[in-house]
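S.K.: Here is what each chain is made of, one letter per residue.
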Amino acid sequence: MEQLLQQLINGISLGSIYALIALGYTMVYGIINLINFAHGDIYMIGAYVGYAVTTFLGLGFIPSLLIAMATCSILGILIEKVAYKPMRNSSRISALITAIAVSLFLQYSMMYFVKPDTRTFPDVLSSNKISILGGKVLLDTKNIYIILITIVLMVLLQYVVHKTKVGKAMRAVALDKDAAQLMGVDINRTISFTFAIGSALAGAAGVLVGVYYNTINPLMGTVPGLKAFVAAVLGGIGLIPGAVFGGFFLGMIETLVSAYGGSIFKDAVAFSILIIVLLIRPSGLLGKTIKEKV
Amino acid sequence: MKKKLFGIMYLVLVLSLLAGCGSSSSSNDSGDTIRVGLNYELSGGVATYGQGLTDGIELAVEEINKNGGVLGKQIELVKIDNKSEDTEAANVSTRLATRENVVALLGPATSGNTKAAIPAAMQNKIPLISGSATADDITVDSNGNVRDYIFKTCFSDSFQGVIMAEFAVNDLGAKSAAILADSTSDYAQGLSKAFKETFGNYGGKVLVEEAYQAKDTDFKAVLTNIKAANPEVIFVPGYYEEVGLIARQARELGLDVPILGGDGYESPKFVEISGKEAANNIYFSNHYSPMDDAEEVVKFRESFKAKYNREADGFNALGYDMAYLLKDALERAGEANPEKLKEALEATKDFKGVTGTISIDENHNPIKSTTIIELKDGVPTFLKKLDPK
Amino acid sequence: MKSKVNKKILNSVFLIALYILVQVMINIGIIDSYYELNLVIIGINIILAVSLNLITGFTGQFSLGHAAFMSIGAYTSAVITAKLNQPFILALILSGIVASIAGILIGIPTLRLKGDYLAIATLGFGEIVRVIAINTDYIGGAIGFNDIPKYTNWTWIFVSVIVTILLINRFLNSYHGRACIAIREDEIAAESMGINTTFYKVLAFAIGAFFAGIAGSLYANYFYFIKPDSFGFMKSIDILVIVVFGGIGSTFGSIIGAVSLSIISLFLQGIPELRMVIYSVILFVIMVYRQKGLLGKKEFKLFKNRKKVKLNVGAISK
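Here the protein sequences line up with chains D, X and W, keeping their order. Residue 2 is where the first sequence starts when you use our numbering, and the numbers rise one by one after that. Residue 48 is where the second sequence starts when you use our numbering, and the numbers rise one by one after that. Residue 554 is where the third sequence starts when you use our numbering, and the numbers rise one by one after that.
The hints are all genuine.
With the Cβ distance kept under 8 Å, some of the chain X side facing chain W (calculated, not the full set): (1) D133; (2) R142; (3) R146; (4) K162; (5) A163; (6) D184; (7) D188; (8) S189.
Hints were generated in silico from the structure; no laboratory data involved. Even for Gly, the Cβ is constructed at its ideal location relative to N, Cα and C.
This is chain D alone, in the form it adopts within the complex (with noise of 0.2 Å):
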């Protein structure tokens, strides 16, 4: 029993990284329908900025947080304008190459310049255990630290998009893009806006990251990024509650995984559970079923 409340709380911290990532994922995908597959790299330079700023000028979480989901957000809507921006008539086919041509540029120039050995995050954030149920369970303030910001994350998010203007232009070009530029909304500030939250999400969940777990590398972000996509498809693409419980749901199931003994398998496993939620339930567990008109 505390075996599994353990497991419980392990596959929480892994699941509100996932959440976190799968946010931006889903909410450039619910507005310009491209899968940016260089946002799970933006998470590894949120992490690297949040290690220079800790190592280098000592700063301590809360600073480096701020600082790294700056500096995403900047990141991202440059990437935007750059390379999505002159690719917004073409195919999906030629976005999704251009998506791919970018992650590997970040990936490969950051291991260029840092080089691929992993750095260790100092300790920012001390590690104070909490023993619940004897000792047989125990609760590191970390996990209390990473669930606590992911769910006020969350919060502020929701609170932009559903009560402040830009978040309501965010949901009408979601919805139908001509619709709402005939009605007004600058597409093109609307389109960087939600680049530069989604990154700076990324960006936090880089730092949060990099303190929990202490290493980086600058190939960090392609499984954490594709284990994100699958957790937004299985909540339902475009769906921001669906980002979240994807995100909870898939981390669970990797760490239940591993927990009965599968763990060689739990990459394979978020795959398999992406192909069948494609096949079966595309909209994802919490979308609706829309059916496409010719």
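Since the structure of chain D is provided, determine the placement of chains X and W on it from the hints.
M.R.: Then chains X and W, alone, in the frame of chain D:
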């Protein structure tokens, strides 16, 4: 039609470029240098190991050349990067063996890449020495035959597993153990198998076996399982990148039992990754210890620090020994001839290196001593040296 | 009519001459094992690029898991030649067939997926194949498969490349090929014109996979040692870059792309860290400035804007 013409012209242009490039550098046959090929991972995933070995080799060669070289000639290193890829390792091996006129091939660093480099060495009858590829089937093929031109100067995977199992039983008095191995690494699998067998032979019981993959960062799930089984020691035969994290997360989960492993722990980054607190009660087998006060070790450490401005690690030491062993063998061979070199290598007996006294056995594997290192509060301390039985 | 026959004879003579020339150079020793290795790599890349072009370029099915078919072919060939001691020709053909079956297996479930979803699903499939390979001890697992007999040589490569190009070209110039192109241009229109899109999509995967399997077999029996990581996502991307560079929808483009990029890669041996950076820049530049690639077709509706009702979720077409 026009496009096709353009295409063909382009093809011809490009093929002629191929003909142009790749023309070999001077074939220094009767020259005054002895050419030695270096096939190492200088970029890519395992560049740290490749770079480490190269650094050691280059220091040694610098010293050798300063002291008059070998057989009256200077050693010239032909260093090519295999990008940590096996196809590339094969490519580099072929190139060195056929067009660069080398008398010996050193490297690659990893077992996988070395296996890819073997065919070129065998085909061209040039001795290949590996200072770090520990897989059992590097020197001996699947039919039990020794590969004629291939030599190892580092102990095999199975050997380390045996040593650590004996250590667990004799020194730590453990009767139960858990194993957490990297399922994507032949190195880890080799050690794991040997440990399990030896531990069992001594009456110990392996309670649970878990696995992870290289580059994983989250081990909480499998560690929770291990904790529930309550073993007296945990055998984690992986590389420092992951084991550092495993140690940290294990201690975070309240798993304080001894963690045992092999030379993959060897790196100053281990403690960086695990944190000082977690780097406690950890034991691993290694080729070399900087704390060893033997004369040659001390001298080596000083020279290394003088040239590179950092402390030498196991890989540097292994590279250093490879170069000196090569010199020793060449001198015994009497001339820079690959065939004679091969025979001299086979006859190596009691060569004194910084990683121990090395003799080459009939399987082209080394007979040498092992060091056991203990991590205490983040500081690696020299525990004991085990001589070959 | 006569000029067409003349052209064919000219082409054949050219090819036979090329083959003999290289074979002689190998026998004499002008082309040593270093050059031979690179010729083999180029040949394998040509087969991979042309087969991927069939699936992605001509039929419009975006496949990011092509390396998985190569992997399946390589391992099949390794098992047949090393463990079962059968002749190479048998291994070669069986590799193609087994890979082809895998192609059908991936083609059928993904019939309903379009564009990005298909891409990710094929990527996922590729990863699943890799994970299975890592965990299967019979074929060596993570350690890899060692001691594969070396059967591949210039003759095998040359013949395989020619056969691949001829067969795929034949296919593309036939009714079936045009059906595939129709599917790429506008699937719904093709369906309403009576083309069995299901059959052709799966067929494209099957044929593409077959040749990728052959490439894998040639690879395994030359490099003597294979491991699952050699056939991962990055390899699929490598092949994709070749196809895009040479021009989606042009077989000749794929050939030129394969040759050029293999040689560029050779030059970049000196600066390995920048190789992938340069690759990604090449990919990006092509996408933004010349989507057709080196020799792509002019009439390329694939890259024009398609007005469809865009909704939040649009993965399936029925």
